[in-house]
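> Below, each chain spelled out in residue letters.
There are 4 protein chains.
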Amino acid sequence: MNKNRLEAFSDGVFAIVITLLILNVKVPDVHITNNVQLNHIIFAALPKLLSFGFSFLVIGIFWIAHHRIFSFAKVVDTPLLWLNLVYLMFNALVPFPASILADNFFLPTTILIYTGTLFLISMMHFIILEYIIRNEDVKHGALTKSVYRSAVRSAIFSPVCFLLAGASCFISAYLSLFFIICALFFSIFIIGKNKVSKKLIAVAKEEAAP
Amino acid sequence: MNKNRLEAFSDGVFAIVITLLILNVKVPDVHITNNVQLNHIIFAALPKLLSFGFSFLVIGIFWIAHHRIFSFAKVVDTPLLWLNLVYLMFNALVPFPASILADNFFLPTTILIYTGTLFLISMMHFIILEYIIRNEDVKHGALTKSVYRSAVRSAIFSPVCFLLAGASCFISAYLSLFFIICALFFSIFIIGKNKVSKKLIAVAKEEAAP
Amino acid sequence: MNKNRLEAFSDGVFAIVITLLILNVKVPDVHITNNVQLNHIIFAALPKLLSFGFSFLVIGIFWIAHHRIFSFAKVVDTPLLWLNLVYLMFNALVPFPASILADNFFLPTTILIYTGTLFLISMMHFIILEYIIRNEDVKHGALTKSVYRSAVRSAIFSPVCFLLAGASCFISAYLSLFFIICALFFSIFIIGKNKVSKKLIAVAKEEAAP
Amino acid sequence: MNKNRLEAFSDGVFAIVITLLILNVKVPDVHITNNVQLNHIIFAALPKLLSFGFSFLVIGIFWIAHHRIFSFAKVVDTPLLWLNLVYLMFNALVPFPASILADNFFLPTTILIYTGTLFLISMMHFIILEYIIRNEDVKHGALTKSVYRSAVRSAIFSPVCFLLAGASCFISAYLSLFFIICALFFSIFIIGKNKVSKKLIAVAKEEAAP
Numbered sequence: 012m013n014k015n016r017l018e019a020f021s022d023g024v025f026a027i028v029i030t031l032l033i034l035n036v037k038v039p040d041v042h043i044t045n046n047v048q049l050n051h052i053i054f055a056a057l058p059k060l061l062s063f064g065f066s067f068l069v070i071g072i073f074w075i076a077h078h079r080i081f082s083f084a085k086v087v088d089t090p091l092l093w094l095n096l097v098y099l100m101f102n103a104l105v106p107f108p109a110s111i112l113a114d115n116f117f118l119p120t121t122i123l124i125y126t127g128t129l130f131l132i133s134m135m136h137f138i139i140l141e142y143i144i145r146n147e148d149v150k151h152g153a154l155t156k157s158v159y160r161s162a163v164r165s166a167i168f169s170p171v172c173f174l175l176a177g178a179s180c181f182i183s184a185y186l187s188l189f190f191i192i193c194a195l196f197f198s199i200f201i202i203g204k205n206k207v208s209k210k211l212i213a214v215a216k217e218e219a220a221p
Numbered sequence: 012m013n014k015n016r017l018e019a020f021s022d023g024v025f026a027i028v029i030t031l032l033i034l035n036v037k038v039p040d041v042h043i044t045n046n047v048q049l050n051h052i053i054f055a056a057l058p059k060l061l062s063f064g065f066s067f068l069v070i071g072i073f074w075i076a077h078h079r080i081f082s083f084a085k086v087v088d089t090p091l092l093w094l095n096l097v098y099l100m101f102n103a104l105v106p107f108p109a110s111i112l113a114d115n116f117f118l119p120t121t122i123l124i125y126t127g128t129l130f131l132i133s134m135m136h137f138i139i140l141e142y143i144i145r146n147e148d149v150k151h152g153a154l155t156k157s158v159y160r161s162a163v164r165s166a167i168f169s170p171v172c173f174l175l176a177g178a179s180c181f182i183s184a185y186l187s188l189f190f191i192i193c194a195l196f197f198s199i200f201i202i203g204k205n206k207v208s209k210k211l212i213a214v215a216k217e218e219a220a221p
Numbered sequence: 012m013n014k015n016r017l018e019a020f021s022d023g024v025f026a027i028v029i030t031l032l033i034l035n036v037k038v039p040d041v042h043i044t045n046n047v048q049l050n051h052i053i054f055a056a057l058p059k060l061l062s063f064g065f066s067f068l069v070i071g072i073f074w075i076a077h078h079r080i081f082s083f084a085k086v087v088d089t090p091l092l093w094l095n096l097v098y099l100m101f102n103a104l105v106p107f108p109a110s111i112l113a114d115n116f117f118l119p120t121t122i123l124i125y126t127g128t129l130f131l132i133s134m135m136h137f138i139i140l141e142y143i144i145r146n147e148d149v150k151h152g153a154l155t156k157s158v159y160r161s162a163v164r165s166a167i168f169s170p171v172c173f174l175l176a177g178a179s180c181f182i183s184a185y186l187s188l189f190f191i192i193c194a195l196f197f198s199i200f201i202i203g204k205n206k207v208s209k210k211l212i213a214v215a216k217e218e219a220a221p
Numbered sequence: 012m013n014k015n016r017l018e019a020f021s022d023g024v025f026a027i028v029i030t031l032l033i034l035n036v037k038v039p040d041v042h043i044t045n046n047v048q049l050n051h052i053i054f055a056a057l058p059k060l061l062s063f064g065f066s067f068l069v070i071g072i073f074w075i076a077h078h079r080i081f082s083f084a085k086v087v088d089t090p091l092l093w094l095n096l097v098y099l100m101f102n103a104l105v106p107f108p109a110s111i112l113a114d115n116f117f118l119p120t121t122i123l124i125y126t127g128t129l130f131l132i133s134m135m136h137f138i139i140l141e142y143i144i145r146n147e148d149v150k151h152g153a154l155t156k157s158v159y160r161s162a163v164r165s166a167i168f169s170p171v172c173f174l175l176a177g178a179s180c181f182i183s184a185y186l187s188l189f190f191i192i193c194a195l196f197f198s199i200f201i202i203g204k205n206k207v208s209k210k211l212i213a214v215a216k217e218e219a220a221p
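Chains as they are written, first to last, in this note's numbering: chain A, 12 to 221; chain B, 12 to 221; chain C, 12 to 221; chain D, 12 to 221.
Among these hints, one or two may not hold up.
A pair counts as met if it fits within one copy or between any two copies, since identical chains are not told apart.
[What the hints assert, rightly or not] Quick list of in silico lysine-lysine cross-link-like pairs, DSS-like style, CA-CA up to 27 Å:
id : residue 1 : residue 2
1  : Lys85     : Lys156
2  : Lys85     : Lys14
3  : Lys14     : Lys150
Quick caveat, the hints were computed from the structure, so don't treat them as lab data. Predicted model only: the values in this text are computed from it and were never measured.
Put together the whole structure using the sequences plus the hints.
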């Protein structure tokens, strides 16, 4: 399997999942006669819009993480292909917990299902990265050992956060939210600045240079 | 992040959003026995079809604008990646205001939500363009300063129109429509003829030449 | 606008439209307790499955036609971009007439709306082809004048068939079906064998040769 | 038709079908006030989640099979284009039997429709492969005759399994499940290890080497 085709297929799945999320935001099919009624309906849709925005950014973060992880691989072999398929399956699942979140913000089951899905996805990040690094045939020779170690360290942070978020849903929904936001902030701000990212940006610049 | 992959992903999101709009156009699930009944149902679906056509063209205009704006960038860095993700989120939102528009054409709240979404998207155009132009590492060296200035000038026109359209919804829905159409006409007819476009077409022709 | 990106975006819209058609095929959300009930429900879904298969092949034919028509263009200029967007809009519309067809096979309004949509799409084929051939800057120099003439001739056949199919819906639904099938058979069997196709296959073979 | 464009279009259809499957997993639109209610609803959605996961992996297996089969073709001619379109149509159909499976796990009609769809798809695999191998103009010269023979042998295994699965639905649903799982295991574990796959991986490695 060609690596470009795998990435294009994965990007397709990501793009569809991220866009299907809007189908959860629907106004009820009632006949509206005046603006006051419409305002009530829009107001009732606000939690769904919030859930849409949140899940959109989460999938966006996973998309960027997926791209980073596969930039460590030189070729794609059969186990990697299957790991990626299972990974995409967990991503394709997201509209389901997102639709539950939209309707029932702070119930423990909602948070367990949502963080459970995020945990599965971020665990797959870790597993795929481990697989790539342990297989000489698959991994990219150009990157040094310390770059790999740094990548594995960052990959374990998110699943731990999501695990803690799930566990703390019985104590307080806000505590869960705190751990989820920890994981997302780490993915956005810490990973974007570290050695691995700098290496990758340097490679991108070199390729763009004439 | 490779620029081509970002563009392919964005195009995927655009293609899905633009096609999902048709899901708003639905006939009610009643048993139809004769042609007169069917005519009534089709007739009732006409505003939804109009809303579909309008929103399709709006997303189409944004797609072309997105392409123009990213042709100014040489590489994609992390902030640009995130700006683009937020931009795509606002685009993915469009089926929601479009579905409200389909049912309630001339209510103030409908117009506020629709123009609000368009305002957010066109503001992101402006912000992304500003970001590209202010970052020497990101921007394309081949384009001259006057080309950049012309691009920024055109990018501010649309958000101002959508702002005026939103503000005037309390006076008259037709006035709002006028401002929206202003923004769209400007994007289609003025931007297509100016210096920036001519430059880009020239580049495309050169690449196609043997 | 780069021609490859336009084709990729169009292919994306085609792929989504063709796959969304299955959403019209739905079993009612009733609780089923035995196999006899399920058989009845599946049996009732058969016309929807037939409409799905038919519309799938129609969009498939249009996809192939779109590819043929754009192989005449060397570059994509602004008017061609907009013509293509309007063309894609008519294609994205197809799930709507397909859903009406699924429920009301032989009512005149159903046939008028379905053939009307097909007529709009095939007229756009003709208009886009005419635009390409009349613009020296856009058209591909490698193809001879007789190839162009042959392409225009075939492009006018389908819209005429769909026009006749629409007009004859008041006489007999079977007559309409005959004209629609004429247009589709012509697209599949005649166009696939003529000069233009042979030229294009020859080009493809040359590119694949080492 | 360029082979790359055909593969990209097919991948698009696969990506959409595989992601649309999640739309079958929906919680009913009732107002939930406490966690016990939510638990009941989630519990009731479990068979739908199982059906989603199963169908996701099935489409994933077909996607990989499709890629393998088209790696035997050098160019795409008109009959191959049409065979592929019919093949994609059967794949696009999958959300329908998957939605029936989600609600009625072990009814004979459910199993007949599900295995019937899988049979049609895997028969198309066999037919497309046969077409490629019998056409000197289409097939890839680099692969030896024994590779071809091995590919055809594996391609006939799956449709036979699905046929047996369908036939045995009147005896026992578990027997059907056994045959379906046979076909899937064969596709995943046997095909991934045989001569053809090794040849293809070798080609991929050569291309990635500097």
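> None of the hints should be skipped; say for each whether it holds.
Checked hints:
For a Cα distance limit of 27 Å, the shortest separation of Lys85 from Lys156 inside one copy, 15 Å, qualifies, whereas the shortest one across copies, 30 Å, does not. In this assembly of identical chains, Lys85 and Lys14 lie within 27 Å of each other by CA distance both inside one copy and across copies; the values are 8 Å within and 19 Å between. Proximity of Lys14 to Lys150 under the C-alpha cut-off of 27 Å is found in both arrangements, the shortest distances being 12 Å within a copy and 23 Å between copies.
The structure shown violates none of the earlier numbered hints.
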